[in-house]
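Protein chains in written order, with this note's numbering: chain F, 2 to 163; chain R, 2 to 163; chain E, 2 to 163.
Just so you know, these hints were derived from the structure itself, not from any lab.
This one's a predicted model, so the numbers in the text were calculated from it and none came from an experiment.
Even glycine gets a Cβ: it sits at the ideal position worked out from N, Cα and C.
Hints are not guaranteed to be accurate.
List of simulated lysine-lysine pairs, DSSO-like, C-alpha gap at most 30 Å [said to hold, decoys possible]:
1. E:Lys8 - R:Lys30
2. E:Lys94 - R:Lys94
3. R:Lys94 - R:Lys30
Estimated spans, in silico, between C-beta atoms of each pair [as the list claims (entries may be wrong)]:
4. R:Pro151 - E:Glu78: 27 to 35 Å
5. F:Ile15 - R:Pro13: 30 to 38 Å
6. R:Asn14 - F:Asn44: 14 to 22 Å
7. R:Glu21 - F:Asn44: 30 to 38 Å
8. E:Arg56 - R:Thr19: 18 to 26 Å
9. F:Gly20 - R:Pro151: 42 to 50 Å
10. E:Glu78 - F:Lys8: 16 to 24 Å
11. E:Gly54 - F:Glu21: 14 to 22 Å
12. R:Asp107 - E:Ala5: 32 to 40 Å
13. F:Thr17 - R:Pro151: 41 to 49 Å
14. E:Gly54 - F:Arg56: 17 to 25 Å
Counterexamples of contact, computed for chain R against chain F with all Cβ distances above 10 Å [as the list claims (entries may be wrong)]:
15. Lys8
16. Asn41
17. Ser93
18. Asp102
19. Trp105
20. Gly150
What follows is each chain in one-letter form.
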Amino acid sequence: MASASLKAPEHPNIETTTGEYRVVSTMIKVQTDGREELYNLSNAIRDFVRSSGIRAGMVMVSSLHTTCAIFINEWQEALIHDVKSYLSNLISKSDYYRHNDPAWSDCDRHNADSHLRSLMLGMNLTLQIADSDVVLGEWQSVILAELDGPRERTIRIQAMGI
Amino acid sequence: MASASLKAPEHPNIETTTGEYRVVSTMIKVQTDGREELYNLSNAIRDFVRSSGIRAGMVMVSSLHTTCAIFINEWQEALIHDVKSYLSNLISKSDYYRHNDPAWSDCDRHNADSHLRSLMLGMNLTLQIADSDVVLGEWQSVILAELDGPRERTIRIQAMGI
Amino acid sequence: MASASLKAPEHPNIETTTGEYRVVSTMIKVQTDGREELYNLSNAIRDFVRSSGIRAGMVMVSSLHTTCAIFINEWQEALIHDVKSYLSNLISKSDYYRHNDPAWSDCDRHNADSHLRSLMLGMNLTLQIADSDVVLGEWQSVILAELDGPRERTIRIQAMGI
Chain F
2 MASASLKAPE HPNIETTTGE YRVVSTMIKV QTDGREELYN LSNAIRDFVR SSGIRAGMVM
62 VSSLHTTCAI FINEWQEALI HDVKSYLSNL ISKSDYYRHN DPAWSDCDRH NADSHLRSLM
122 LGMNLTLQIA DSDVVLGEWQ SVILAELDGP RERTIRIQAM GI
Chain R
2 MASASLKAPE HPNIETTTGE YRVVSTMIKV QTDGREELYN LSNAIRDFVR SSGIRAGMVM
62 VSSLHTTCAI FINEWQEALI HDVKSYLSNL ISKSDYYRHN DPAWSDCDRH NADSHLRSLM
122 LGMNLTLQIA DSDVVLGEWQ SVILAELDGP RERTIRIQAM GI
Chain E
2 MASASLKAPE HPNIETTTGE YRVVSTMIKV QTDGREELYN LSNAIRDFVR SSGIRAGMVM
62 VSSLHTTCAI FINEWQEALI HDVKSYLSNL ISKSDYYRHN DPAWSDCDRH NADSHLRSLM
122 LGMNLTLQIA DSDVVLGEWQ SVILAELDGP RERTIRIQAM GI
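Here chain F stands alone, though its shape is the one from the complex (with noise of 0.2 Å):
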């Protein structure tokens, strides 16, 4: 079994940053135009981060809906496709859930499935920022998940550090 403990390197190259404390917050706005539909948020992210002036510190990209997800992965049609396939795929729409049995719930968008869905992929993400920029490898990107569109999302970005 390859599964192991790692320790860390003797002599790591380890950097430290110190300056005045900040804040930096804005809001924006989507317009989704599907019911599952995914959006890059990447440039409007790094665009924020590079305006906020903050040097060293993180970003926090925040969902402030309940079916409507915020996650990392490669930006490629032909895998953006596989997503929005495996997304529909794990868990069903056409399912019993009494969110959409209107002997149980008020709402009527029958949505039980968005809800879930949002779920298992999260609404808020963390992110490094160094040398002001957002930290995200070669093949990252930002994808905002709507799951129960097309509707107006707000999201809130939060920039905090040096």
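Take the given structure of chain F and dock chains R and E to it, following the hints.
Coordinates of chains R and E only, in the frame set by chain F:
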């Protein structure tokens, strides 16, 4: 295909806060009363953040367990039922797991399903603080999922910011 | 139904720390040795946090990849086997995916399953720091899941606080 890359708005409304950075923390205990139950932590977190005196920053909510998850969703009785039902179906309790097999494991709780469900949901949540309050959307609640109760659970909450 | 809303304790024990805010970061490399393997990062993260000098705050652990996840769970050999087995079953490697089809994609790794598994697990983890150490429960370990190895993986760790 509606999937698209988004740009930041040209003149976003950006707010900046500066001041002395502080870290404020507490522990809360939750006595759960079923093997699988959900608890709404939103009021407890809001009360703590308001009493912390932090105006802008973030708050972390961490389960210190491996069979007890924390996530965001709508707190509606019908949907709570659906979430519990979905979590029970997602990973079968009765499948074979080495963790439940005395030949492989000294754990006598037979709770491999609880570990795997927690794994999928996550045990930590990070939320924004603005205007001295937790930033949550209208329908968002912070929910603790007991997945192997009843037990007393410990949740550590830490607010950081200005 | 046991599900309930919780109130904050009336006189919680709240601790406050103030001081100069700092950001301390490092990179670690992990050479993985199988297509799907788990690695325990807890010691590496603890060692880094202790050497960072930060007493109170948080630490972020970020995989800079899209087929390599980070999460918390118990580090027990039997359970590690169950987690690997569950991750392999959760999303089939042999299903049809456009990402694996030369007609749609130039990716020759045929790793759509690895992308989807990472998507479900998450690539970033945020942990609290208190008393100059990472806050983890007795049974919690920070685990890196290689989902498309063997490869050299880069993990960026950043501690922020006082």
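16 to 24 Å as the expected CB spacing between Lys8 (chain F) and Glu78 (chain E), which holds or is violated: Holds - the Cβ-Cβ distance for Glu78 (chain E) and Lys8 (chain F), about 19 Å, lies within 16 to 24 Å.
Hint check for Pro13 (chain R) and Ile15 (chain F) - Cβ pair distance inside 30 to 38 Å: Hint holds: Cβ distance 34 Å, inside 30 to 38 Å.
Arg56 (chain E) paired with Thr19 (chain R), Cβ distance criterion 18 to 26 Å: Roughly 22 Å apart at Cβ, these two residues keep to the hinted range, so it holds.
Whether Trp105 (chain R) stays farther than 10 Å from all C-beta atoms of chain F, as the label says: The claim holds: Trp105 (chain R) sits with its nearest Cβ about 12 Å from chain F, beyond 10 Å.
Whether Lys8 (chain R) stays farther than 10 Å from all C-beta atoms of chain F, as the label says: 6 Å, violated
Range hint 30 to 38 Å (beta carbons of Glu21 (chain R) and Asn44 (chain F)) holds or violated: 34 Å, holds
Supplied distance hint 17 to 25 Å, evaluated on CB atoms of Gly54 (chain E) and Arg56 (chain F): Check passed, 19 Å falls within 17 to 25 Å.
Status of the stated non-contact between Asp102 (chain R) and chain F (beta carbon gap over 10 Å): Correct as stated: the minimum Cβ-Cβ distance to chain F is 16 Å, above 10 Å.
Interface-negative label, Asn41 (chain R) against chain F, beta-carbon threshold 10 Å: 13 Å, holds
Agreement of Lys94 (chain R) and Lys30 (chain R) with the hint, judged by alpha carbon distance not exceeding 30 Å: 26 Å, holds
Consistency of beta-carbon spacing, Pro151 (chain R) to Thr17 (chain F), with hint 41 to 49 Å: Cβ of Thr17 (chain F) to Cβ of Pro151 (chain R): about 45 Å, so the range 41 to 49 Å holds.
Consistency of beta-carbon spacing, Ala5 (chain E) to Asp107 (chain R), with hint 32 to 40 Å: With Cβ atoms ~34 Å apart, the hint holds.
Checked against the numbered hints above, the structure violates only hint 15.
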